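S.K.: Single-letter residue listing:
There are 2 protein chains.
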Amino acid sequence: MTRIYNFAAGPSAMPLSVLEQAAAEMTDWHGLGLSILEMSHRSKDFIGIYRETVSLLRELYGIPDEYEVMFLQGGGHLEFAMVPMNFSVGGCGNYAVNGVWSKKAFKEAQKIGEAAEAACVDLRAPRQDEIKLTENASYLYYCSNETVNGIRYWYTPEVSVPLIADMSSDFLSQPVDVRKFGLIFAGAQKNFGPAGLTVVIARRDLLGRADPSTPTMLDYETYAKSESMYNTPPTFAIYIANLVARWLLDQGGVKEMQRRSVIKSQILYDLIDQSEGFYYNNVEKISRSRMNVVFNLKDESLNDEFVRQAYEKRLANIKGHRILGGMRASLYNAVSIEAVEVLADYMKKFAEAHS
Amino acid sequence: MTRIYNFAAGPSAMPLSVLEQAAAEMTDWHGLGLSILEMSHRSKDFIGIYRETVSLLRELYGIPDEYEVMFLQGGGHLEFAMVPMNFSVGGCGNYAVNGVWSKKAFKEAQKIGEAAEAACVDLRAPRQDEIKLTENASYLYYCSNETVNGIRYWYTPEVSVPLIADMSSDFLSQPVDVRKFGLIFAGAQKNFGPAGLTVVIARRDLLGRADPSTPTMLDYETYAKSESMYNTPPTFAIYIANLVARWLLDQGGVKEMQRRSVIKSQILYDLIDQSEGFYYNNVEKISRSRMNVVFNLKDESLNDEFVRQAYEKRLANIKGHRILGGMRASLYNAVSIEAVEVLADYMKKFAEAHS
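Listed in order, the protein sequences are those of chains H and R. All the letters of the first sequence, read from the start, carry residue numbers 193 to 547 under my numbering. All the letters of the second sequence, read from the start, carry residue numbers 193 to 547 under my numbering.
Bear in mind the hints are in silico, worked out from the structure with no lab data behind them. Computed from a predicted model, the values in this text were never measured in an experiment. Be a bit skeptical, because a hint or two may be false.
A pair counts as met if it fits within one copy or between any two copies, since identical chains are not told apart.
[As the list claims (entries may be wrong)] Straight-line distance between alpha carbons at most 30 Å, and here's what the computed DSS-like set of lysine-lysine pairs gives:
(1) LYS324 to LYS541
(2) LYS417 to LYS303
(3) LYS417 to LYS296
(4) LYS372 to LYS490
(5) LYS541 to LYS299
(6) LYS372 to LYS417
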């Protein structure tokens with residue numbers, strides 16, 4: 193078997209050792225004679241996996257006791273509705289908009305209730321002093337890493353209202369001071385597990401304020417009260433997330449992931465910046481994402497050839513998001529430094545051959 | 193490896209051949225050098241899997257073209273909210289209540305809007321002439337198989353409004369005339385795939401009527417318009433459902449599943465009825481579920497020993513739902529006739545030893 197170098201934006205590369213363990217345990221988990229896929233979510237074995245996964249997350253991020261860790265379904269898009277339904281009752285959701293995902297969240301909040309832009313910038317994160325809350329702000333929402341646009345916040349905004357962050361695409365890629373947040377959510381399919389699982393970390397005292405007409409499954413309190421088992425959770429996805437969390441701790445945790453992310457992203461940004469315009473990236477330097485390196489070829493007519501030749505070298509999924517075009521290399525935790533070096537080497541040679 | 197006989201109510205037994213294929217393909221799907229878990233949902237390979245799964249379902253149930261087949265997340269509980277949000281606008285959701293699941297759906301509908309009981313009975317399905325719609329009924333909702341209570345509808349209600357059915361626990365276990373329904377939904381984790389996937393089959397002309405303030409992910413139209421890919425779907429769960437659907441066709445389809453279900457359930461009901469009261473089941477005979485055989489031991493003090501000794505014979509997960517107590521053997525498609533015979537043999541000997 194020849195594995196590819198997978199730069200997909202999500203679902204995305206997973207640690208090979210996790211996949212191998214999942215394969216080995218697929219028909220018989222720990223000698224119990226059944227697959228995780230066949231295991232009741234109310235069994236002590238699955239509850240054990242569930243609780244361990246929560247503990248591993250608490251360890252990885254240093255999550256304080258006063259925060260709930262919950263596992264949901266529906267991805268970021270369902271969170272876009274749940275956040276205003278749970279947190280904007282009687283107030284106005286404030287949104288810092290600087291890319292595709294924060295904009296989508298803002299639009300969904302407008303559909304649900306009162307919402308306003310607290311900032312709106314392109315190709316960068318807004319500065320702290322550019323974020324202006326409305327008087328009746330009930331929270332500030334931002335997206336810590338804009339996957340499509342390749343933009344990251346290099347700082348955590350400080351505000352007088354609960355801070356809510358979509359960390360889908362930089363989850364577990366760096367240390368986070370959870371105490372600064374009211375709620376953090378992340379779709380698992382980048383750095384944590386399979387598609388179909390959403391992690392939510394929320395300050396307990398902020399929950400339970402949703403309107404009584406809120407659908408039960410859209411009230412965070414439902415999950416907080418039931419260890420995320422009000423109904424059947426996505427058991428297999430939680431199991432894979434468990435294996436990924438263990439792998440992360442074995443590798444050295446989020447600090448080590450941050451160290452690698454800096455190296456990996458710097459390799460590509462340096463190459464792009466030194467390519468004399470053959471490749472370019474327009475994102476403000478301090479705001480450049482360490483997870484999703486977006487770039488364009490000056491000569492767009494070379495795009496198809498660039499992608500095709502890359503695939504011949506097993507460098508896969510480097511085409512940009514359909515909205516933006518161009519290229520994008522996603523460098524999640526399971527993408528090795530070696531893989532990025534192979535990509536950089538390819539990019540360098542491609543530029544030389546076509547300059 | 194010694195596999196157990198798994199009578200769990202869901203997540204539940206899966207075909208061994210499906211698990212073996214999933215294990216074999218886990219690190220490298222079809223020689224592409226990546227796992228399904230790592231595959232972009234927008235890749236042509238995954239879209240191929242997705243479309244094939246829809247086609248297989250259409251083939252299994254004979255689903256007409258004017259019906260959409262959609263894959264969602266959130267389980268039955270999210271459907272409980274989505275049904276009234278999409279179908280009761282300006283009218284009243286009517287519910288035939290005869291067990292835990294139809295009651296839960298009714299309560300959620302009351303939370304969302306106007307809802308009424310069209311029938312309310314215990315230990316059986318209501319007769320056609322017992323179902324009374326309100327004047328402003330916008331649909332009739334029922335649960336074709338009450339998993340907890342072990343009750344099935346032996347007929348399809350005929351009404352003048354769209355018929356909506358929760359088929360979570362008898363999905364793909366028998367032929368269904370889809371044309372009789374406005375919408376069918378099913379959590380996959382009984383007969384179709386992993387937890388975290390919900391299948392919805394809906395008549396296209398009924399969609400698109402939700403209130404504009406409905407969360408995007410709770411509007412069926414969102415899924416119908418995007419081939420269920422408005423956001424990232426639960427890709428691995430859809431892949432497993434694909435393998436299960438193929439297995440079902442190989443086995444002879446839903447007619448063959450119905451034939452086996454009749455045999456399997458009859459083995460247990462006959463044994464219960466002939467046990468001279470050692471075991472009993474209070475469900476009206478014609479309403480007895482073929483998927484979930486609930487029963488009690490007359491001497492409840494034997495419950496723990498019954499469960500323990502069963503497990504020694506690898507007969508697992510026969511304890512009843514926590515709400516009802518007693519016992520429950522779930523006989524989904526992947527539970528073989530042989531497994532049921534082993535269970536029946538055990539039950540017979542246990543009764544003899546304790547009479």
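S.K.: All hints, please: hold or fail.
M.R.: Hint by hint, here is what the structure shows:
{"no.": "1", "hint": "LYS324 to LYS541", "result": "neither (46 Å within a copy, 75 Å between copies)"}
{"no.": "2", "hint": "LYS417 to LYS303", "result": "both (28 Å within a copy, 19 Å between copies)"}
{"no.": "3", "hint": "LYS417 to LYS296", "result": "both (29 Å within a copy, 18 Å between copies)"}
{"no.": "4", "hint": "LYS372 to LYS490", "result": "neither (41 Å within a copy, 57 Å between copies)"}
{"no.": "5", "hint": "LYS541 to LYS299", "result": "neither (43 Å within a copy, 64 Å between copies)"}
{"no.": "6", "hint": "LYS372 to LYS417", "result": "within (23 Å within a copy, 39 Å between copies)"}
In terms of the numbered hints stated before, the structure departs from hints 1, 4, 5, listed from lowest to highest.
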